[in-house]
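So the protein lines, in turn, are chains A and B.
Per this note's numbering: the first sequence = residues 1 to 363.
Per this note's numbering: the second sequence = residues 1 to 363.
Since the hints were derived computationally from the structure, they do not count as laboratory data.
Please note that a few of the clues may not be correct.
In the DSBU-like style, the derived pairs of lysine-lysine whose C-alpha atoms are separated by at most 30 Å in a straight line are [to be verified]:
{"no.": "1", "chain 1": "A", "residue 1": "K343", "chain 2": "B", "residue 2": "K319"}
{"no.": "2", "chain 1": "B", "residue 1": "K85", "chain 2": "A", "residue 2": "K351"}
{"no.": "3", "chain 1": "B", "residue 1": "K319", "chain 2": "A", "residue 2": "K307"}
{"no.": "4", "chain 1": "A", "residue 1": "K307", "chain 2": "B", "residue 2": "K343"}
{"no.": "5", "chain 1": "A", "residue 1": "K361", "chain 2": "A", "residue 2": "K351"}
Number of protein chains: 2
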Amino acid sequence: MEHPENDQQYAALNVNEGVAQPPVINPYLQRRKKAALTVNDYVEGILKGNITILSRAVTLVESQAQEHQQLAQEVIEKCLPYAGKSRRIGITGVPGAGKSTSIDVFGLHVLKQGGKLAVLAIDPSSERTKGSILGDKTRMEKLSVEPNAFIRPSPSAGSLGGVARKTRETIVLCEAAGFDNIFVETVGVGQSETAVHSMVDFFLLIQLAGTGDELQGIKRGIMEMADGIVINKADGDNINRAQLAMAQFRNALHLFPLPPSGWTPEVLCYSGYYELGIPEVWDMIDRYFDFVHKNGYFNLRRQQQEKYWMYESIDETLKANFYNNSLIADMLKVKQQLILDSKQSSFMAAKDVLDVYFNLKEQ
Amino acid sequence: MEHPENDQQYAALNVNEGVAQPPVINPYLQRRKKAALTVNDYVEGILKGNITILSRAVTLVESQAQEHQQLAQEVIEKCLPYAGKSRRIGITGVPGAGKSTSIDVFGLHVLKQGGKLAVLAIDPSSERTKGSILGDKTRMEKLSVEPNAFIRPSPSAGSLGGVARKTRETIVLCEAAGFDNIFVETVGVGQSETAVHSMVDFFLLIQLAGTGDELQGIKRGIMEMADGIVINKADGDNINRAQLAMAQFRNALHLFPLPPSGWTPEVLCYSGYYELGIPEVWDMIDRYFDFVHKNGYFNLRRQQQEKYWMYESIDETLKANFYNNSLIADMLKVKQQLILDSKQSSFMAAKDVLDVYFNLKEQ
Chain A
1 MEHPENDQQY AALNVNEGVA QPPVINPYLQ RRKKAALTVN DYVEGILKGN ITILSRAVTL
61 VESQAQEHQQ LAQEVIEKCL PYAGKSRRIG ITGVPGAGKS TSIDVFGLHV LKQGGKLAVL
121 AIDPSSERTK GSILGDKTRM EKLSVEPNAF IRPSPSAGSL GGVARKTRET IVLCEAAGFD
181 NIFVETVGVG QSETAVHSMV DFFLLIQLAG TGDELQGIKR GIMEMADGIV INKADGDNIN
241 RAQLAMAQFR NALHLFPLPP SGWTPEVLCY SGYYELGIPE VWDMIDRYFD FVHKNGYFNL
301 RRQQQEKYWM YESIDETLKA NFYNNSLIAD MLKVKQQLIL DSKQSSFMAA KDVLDVYFNL
361 KEQ
Chain B
1 MEHPENDQQY AALNVNEGVA QPPVINPYLQ RRKKAALTVN DYVEGILKGN ITILSRAVTL
61 VESQAQEHQQ LAQEVIEKCL PYAGKSRRIG ITGVPGAGKS TSIDVFGLHV LKQGGKLAVL
121 AIDPSSERTK GSILGDKTRM EKLSVEPNAF IRPSPSAGSL GGVARKTRET IVLCEAAGFD
181 NIFVETVGVG QSETAVHSMV DFFLLIQLAG TGDELQGIKR GIMEMADGIV INKADGDNIN
241 RAQLAMAQFR NALHLFPLPP SGWTPEVLCY SGYYELGIPE VWDMIDRYFD FVHKNGYFNL
301 RRQQQEKYWM YESIDETLKA NFYNNSLIAD MLKVKQQLIL DSKQSSFMAA KDVLDVYFNL
361 KEQ
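Using the sequences and the hints, build the whole thing.
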């Protein structure tokens, strides 16, 4: 299938050190200057499933330039009524758990069943010049050549809130373009799992079995977010350890109350590299979606998430407006020290700073 | 020992339904109108360990009246330099886990070793007319008659933030009065465990063993907060189940990374009612404090908590100022519906409301 974006993909490959040879640039094949697209051009193209236009729209969303953002919001708003018809699956795991290989293999399984798959990523530490390891096409070898797969690295946005928002907006565009499966990958930096958990329907945790009975530590709080836990590298010598890990996780899950979905999180073994146990993992996910569609939780969770993000946006802006004020920032440093020196209570210190802030606002 | 507050205590008992017979009020013994105390009266009394004055100061802190709050803040500020020299231990568990009996028994153990103990509680659902079940002296029979024990029910304050603040302020007063052990009990309503965890040095989770291998569910997130987990009712018929639960919790804890303290949370069995295993529980707590004093985490955690509460106060007020605005509140209802109907993105909805808010502020 024609990939008019190939020149961009090669350019992107260049920035992944040591991955590919620089291409020979044909001096007679300059990069075409793209015609500017209108809002309607974008929307029509997306709704027709045109990947080139979808790509450009996502680039628009990711752009930090003011005029791009305005255009992006108009495109998003027109795509909103066509969004929502997909399974959104969050995927996390410690570095080295084999996420890329697993996404490659899970993704192919999804495509074989006739779906279209977008693979997105949240990695607040990514910088454009270096490129994020997540959503790196070179590590998802099989998916990257599939016409029905669309892979994007994490947007950069200066803050987790910004990255999360742009990812959610990209989901809207992908869904409007007919992608009925969305993976959102995260590497476990800071609060990114919470962000991903708040934008997906199913949250999958990829774990490894360690040596003996001590498993590779997962970040506190992640286990309770997972709708499914899958132990990778259940192959060869490692099978016994993987099965022991599976038993341990199942026992641990018994100690927690049921999540709000009413679904009992399951634990399975698989091998991404040797492609073992993949159908069973996907069967679990199918059963989850049946379950939450039947008991209404699917819709409830989506609605809660939509509202949650409005309040998150608001809270983030309220705080930014306060903490980015340089007068306030200076005052806070002083107050912190007073508190640590037991000279003022946290409450009164906060009150003093807030008084200054609200007086500023009233001037 | 003389308890000049007896008439108040009887009055408090009256409001706990069915607990005690109404006392016969001697018509010749009217409640004395108390002389008003100055800030210095309060502070001097507290520093001398005068329980009557401490009690009145705590009542002042809990009061919602403006002039009381002002006075309270002055007293607190003067007590601040004398605070901090105690072990603050948070205690939580599901209803029925036997918290009151356990606090009674743990408390006695602490007193036997020569300490002075204040028992406080956080229960945001308490209403003054009904009285909170937590910190209920009638359920801590042994402690309530000990001169070196000071028990207060949860303050009412309209919000968890308010209750948490008043509890922290009460801790300051108790420490200034010479109490070197503070228990803060919480029943697991909403976010109260997070609040308690953020104001104590050690967080103890009291668990029960259930039938078979299914334990009474604990709230998600609590287990990862616990520095120690103790399985109650390890007595009689129940011993085997309790020991099985202990093993299960120990296995589950292996799945998590070490908490920031570097301390490996421990799991023990005990019986509050039959007073078995109490010294072992307290030995664990002693070893924890040795550990975190040695590695510097004790001070680090206290400093983090002090700063945390200033930011919590600020964030709470910023949000209250926004969300309590009736114009904003109306607008949010409309925006929520637009979002649910896919007519506007969460981001743009938030932006619209924020624009209105900040325009209001600039008028």
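Note to self: Let me make sure I understand: some of the numbered hints might not hold for this structure. Which ones are they, in numerical order?
What the structure shows: none
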